[in-house]
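2 protein chains.
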Amino acid sequence: MEMPRVDPFVLSKKAQLVSRLLDVLPADAVIHDAQETIAYECDALTAYKCPPLAAVLPRSTAEVSAVLAICHAMGVPVVPRGSGTSLAGGALPTADSVILGVARLTEVLEVDYADRFIHVQTGRTNLSVTGAVEADGFFYAPDPSSQLACAIAGNIAMNSGGAHCLKYGVTTNNLLGVTLVQMDGTVVEIGGAHMDAGGLDLLGVICGSEGQLGVVTEATLRILPKPEGARPVLIAFDDNEVAGACVADIIKAGVLPVAIEFMDRPVIRATEAFAGAGYPDVEALLIVEVEGSPAEIEEQLAVIERIARTHDPVELRRSNSEDESARIWLGRKSAFGAMGQINDYMCLDGTIPVSELPRVLGGIRELSHRYGLDVGNVFHAGDGNMHPLILFDANKPGDLERCEEMGAEILKLCVEVGGCLTGEHGVGVEKRDLMGYQFNADDMEAQMRVKDVFDPAWLLNPAKVFPLDTTAERRA
Amino acid sequence: MEMPRVDPFVLSKKAQLVSRLLDVLPADAVIHDAQETIAYECDALTAYKCPPLAAVLPRSTAEVSAVLAICHAMGVPVVPRGSGTSLAGGALPTADSVILGVARLTEVLEVDYADRFIHVQTGRTNLSVTGAVEADGFFYAPDPSSQLACAIAGNIAMNSGGAHCLKYGVTTNNLLGVTLVQMDGTVVEIGGAHMDAGGLDLLGVICGSEGQLGVVTEATLRILPKPEGARPVLIAFDDNEVAGACVADIIKAGVLPVAIEFMDRPVIRATEAFAGAGYPDVEALLIVEVEGSPAEIEEQLAVIERIARTHDPVELRRSNSEDESARIWLGRKSAFGAMGQINDYMCLDGTIPVSELPRVLGGIRELSHRYGLDVGNVFHAGDGNMHPLILFDANKPGDLERCEEMGAEILKLCVEVGGCLTGEHGVGVEKRDLMGYQFNADDMEAQMRVKDVFDPAWLLNPAKVFPLDTTAERRA
Chain A
139 MEMPRVDPFV LSKKAQLVSR LLDVLPADAV IHDAQETIAY ECDALTAYKC
189 PPLAAVLPRS TAEVSAVLAI CHAMGVPVVP RGSGTSLAGG ALPTADSVIL
239 GVARLTEVLE VDYADRFIHV QTGRTNLSVT GAVEADGFFY APDPSSQLAC
289 AIAGNIAMNS GGAHCLKYGV TTNNLLGVTL VQMDGTVVEI GGAHMDAGGL
339 DLLGVICGSE GQLGVVTEAT LRILPKPEGA RPVLIAFDDN EVAGACVADI
389 IKAGVLPVAI EFMDRPVIRA TEAFAGAGYP DVEALLIVEV EGSPAEIEEQ
439 LAVIERIART HDPVELRRSN SEDESARIWL GRKSAFGAMG QINDYMCLDG
489 TIPVSELPRV LGGIRELSHR YGLDVGNVFH AGDGNMHPLI LFDANKPGDL
539 ERCEEMGAEI LKLCVEVGGC LTGEHGVGVE KRDLMGYQFN ADDMEAQMRV
589 KDVFDPAWLL NPAKVFPLDT TAERRA
Chain B
139 MEMPRVDPFV LSKKAQLVSR LLDVLPADAV IHDAQETIAY ECDALTAYKC
189 PPLAAVLPRS TAEVSAVLAI CHAMGVPVVP RGSGTSLAGG ALPTADSVIL
239 GVARLTEVLE VDYADRFIHV QTGRTNLSVT GAVEADGFFY APDPSSQLAC
289 AIAGNIAMNS GGAHCLKYGV TTNNLLGVTL VQMDGTVVEI GGAHMDAGGL
339 DLLGVICGSE GQLGVVTEAT LRILPKPEGA RPVLIAFDDN EVAGACVADI
389 IKAGVLPVAI EFMDRPVIRA TEAFAGAGYP DVEALLIVEV EGSPAEIEEQ
439 LAVIERIART HDPVELRRSN SEDESARIWL GRKSAFGAMG QINDYMCLDG
489 TIPVSELPRV LGGIRELSHR YGLDVGNVFH AGDGNMHPLI LFDANKPGDL
539 ERCEEMGAEI LKLCVEVGGC LTGEHGVGVE KRDLMGYQFN ADDMEAQMRV
589 KDVFDPAWLL NPAKVFPLDT TAERRA
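Chains A and B, in that order, are what the protein sequence lines are.
Numbering-wise, the first sequence is residues 139 to 614 according to this note's numbering.
Numbering-wise, the second sequence is residues 139 to 614 according to this note's numbering.
In short, the hints are calculated from the structure, not lab data.
Careful: at least some of the hints might be erroneous.
For lysine to any residue, the following SDA-like pairs were computed, each having C-alpha atoms within a straight-line distance of at most 20 angstroms [as the list claims (entries may be wrong)]: (1) B/Lys-305 - A/Leu-394; (2) B/Lys-390 - A/Lys-390; (3) B/Lys-187 - B/Asp-234; (4) A/Lys-390 - B/Tyr-306; (5) A/Lys-305 - B/Glu-366; (6) A/Lys-364 - B/Lys-390; (7) A/Lys-364 - B/Arg-444.
Next up, chain A with everything else stripped away, as it sits in the complex:
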């Protein structure tokens, strides 16, 4: 990706900008020294890097509004940033932009157990939202793998999911309201603690909009009472596609497990070497977890096991204790770390209709042969959100490019079977150039016209999501 160089004009504009930012923020909230802005040069997609002009760390909606009004008046692009855990470059700066970090917006503003919501500032991390209510027996359902670090702001921007989202839905299904600051500094309230969003459902369009429409500073989130108990069963198969067919049958039968996780042989082997969870050495395994009272757990597992048996599993291992449950989950939870130990990998994030799992797994195997790159599959299978890991050697010239090309082919396959380019990581810079593959010109124009409304000067989170030449065209 090409980045503009910092020229003298930009420097003088920068001095002016910093001075105006310091009018509305304390000195420790404005980072402009080049030695320090480098901390914001990338997110978790570290292949792309570019330090911003400056970074600001406001502590309130009012401060965010003041910052945006200044940038708007000066025509300075703004890149909102949660915790910077994006795998798609969603928080990557451009050289002429200000990073607006919400990391200091961490307050819990209200907890209401009767109406089951929590009202927080969006810099708060995902896990610490649950942390604020778990002593009272409640939790916040969406649980991305990065939940220890990732901010609610980023969860909302990417509409994040997680292992538990099969049963409880993704962020958009657990988000009741937001405070949104528009690029010109205008603050609007959208949704609330009641059923349904009031007026046009702008809440839906904001969730998953990748910082293109405004900065979300506060959120009202649904919290749920913790279930009585949970129990996983591990089901092993000697064929990927058969495991995929089993997932489709479980979903079709209408049982609603909390999670259906899928791992294939490359991931199982790496995981065993790393964590020694005692998994069988097979082509594919599923971890299916159900929740509820002992009777409900018993009943759901019986249905799942009956369906699994029609697919000739190699092994069917039901957990009978907390210990056994922990061992079954140990491997899955170590999977990404284990893969990282032995390989460089690129983690994709496409969604497909669940019935297409066998076909897509077959297609990925073929692509793997054609490109000569191994693929590990470990993903949330129940909702069709795939995360193929393409393994490559970062030190081998051409390997990354081949890997990126193959990744694009896999995502095109997802779109082809009726799926979508991204489940929860977002489009960011990573999949920007694939958008035209999913959307035709009319579809894309409809989306860009909504962006026009919220951000007419196209200053918010530039060079992402929409094709690269769009920003210049729309600004003109």
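Fit chain B to the known structure of chain A by using the hints.
Below, chain B without anything else, positioned relative to chain A:
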């Protein structure tokens, strides 16, 4: 509401319009004779009436697109209409508008049980969507009271709910994708059969937008396997507010019944006189229904009954057979009919956080005394969607006006406690002038700018949702 008169200019424009419509539609699909257009003069909010210039009944997305392109080119407003069951005047014509009825768009285009969706044209009625899949053990969850007549198009426009929506969500939670025809005739595809909407979540903003943004001609809907069984329990109380508190406690405990329906004494008495379901003569009763296997039903009912007992119920009547279940539901299902037999009534539709049920029920009682009008309450209590029925005498001068004024006060109370003006009926013409009570100028501007995008000339479904002077202002 004031309607413009038909002047000679309009008549000549009408002749021109009809001729162009007949170029793209068969003769039987263009209704322009004044004797026949009168069939479209109102919807179920019959207090407002106005025949349209013409009505068209296209049979395909292409025909809808052709009609809209013509009206767009000629600057003719279009009022989309499902089955005309709106209680808020959502399909009320203006004299200069064309009614675009989707009643002939009734095809089932695809059924997929593995991925659990059905793809239909949106003129199909709600109940006949379930009808198309029930032989195979599936159903479509949202079930508005008007489900025998109402069209999916209207369900999407109003984001309709129903008794079963506590567990399964409202329309927006069961809608996977739409084909949307914009006012200029452009056709866009939004969402699909996979997890999450692709790109900006325009699906969310379309659902519930009351025909302001485009005409939805096709929809992909989530279907679900029918549960093994269901069982209601009737719980009677000698105090409205205590019944409300019981609902809040059930929700807080995290049990998820399929339905929690509330009826108060005026409704219970009318219903008993009409249907003789054998309800106790009490201040308030709840019907709580749970679903699942026999073991699951047993367990959920036990939790609900334990919570109910902490509120000193007058009676707790668990159904032990299909017969008893039918009797418990008989009264509830006859309630609106029963009320209509003995009274004129206005049915409101506000939502509130569930914990505010006792406070709002108390507030309604006070308003009832102040205005001297009786109120019956019968509603989906579990999700806080209230339907107070204000009883009045249509033949008594001033009664309707007093009733409307009191209705506005009740809806303001809903907003005051953190709720919303409408749950599932929509704003329409009915609540148009209350929008300013829920939204400030910035909030409303954000909504109107989204309308600007999809319908820059403000031709779609005029004089509804947004304040009446808005259309002229935005068109200018």
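To see whether the hints hold, each was checked on the structure:
no.: 1; hint: B/Lys-305 - A/Leu-394; in the structure: holds, 13 angstroms
no.: 2; hint: B/Lys-390 - A/Lys-390; in the structure: violated, 30 angstroms
no.: 3; hint: B/Lys-187 - B/Asp-234; in the structure: holds, 13 angstroms
no.: 4; hint: A/Lys-390 - B/Tyr-306; in the structure: holds, 16 angstroms
no.: 5; hint: A/Lys-305 - B/Glu-366; in the structure: holds, 19 angstroms
no.: 6; hint: A/Lys-364 - B/Lys-390; in the structure: holds, 11 angstroms
no.: 7; hint: A/Lys-364 - B/Arg-444; in the structure: holds, 19 angstroms
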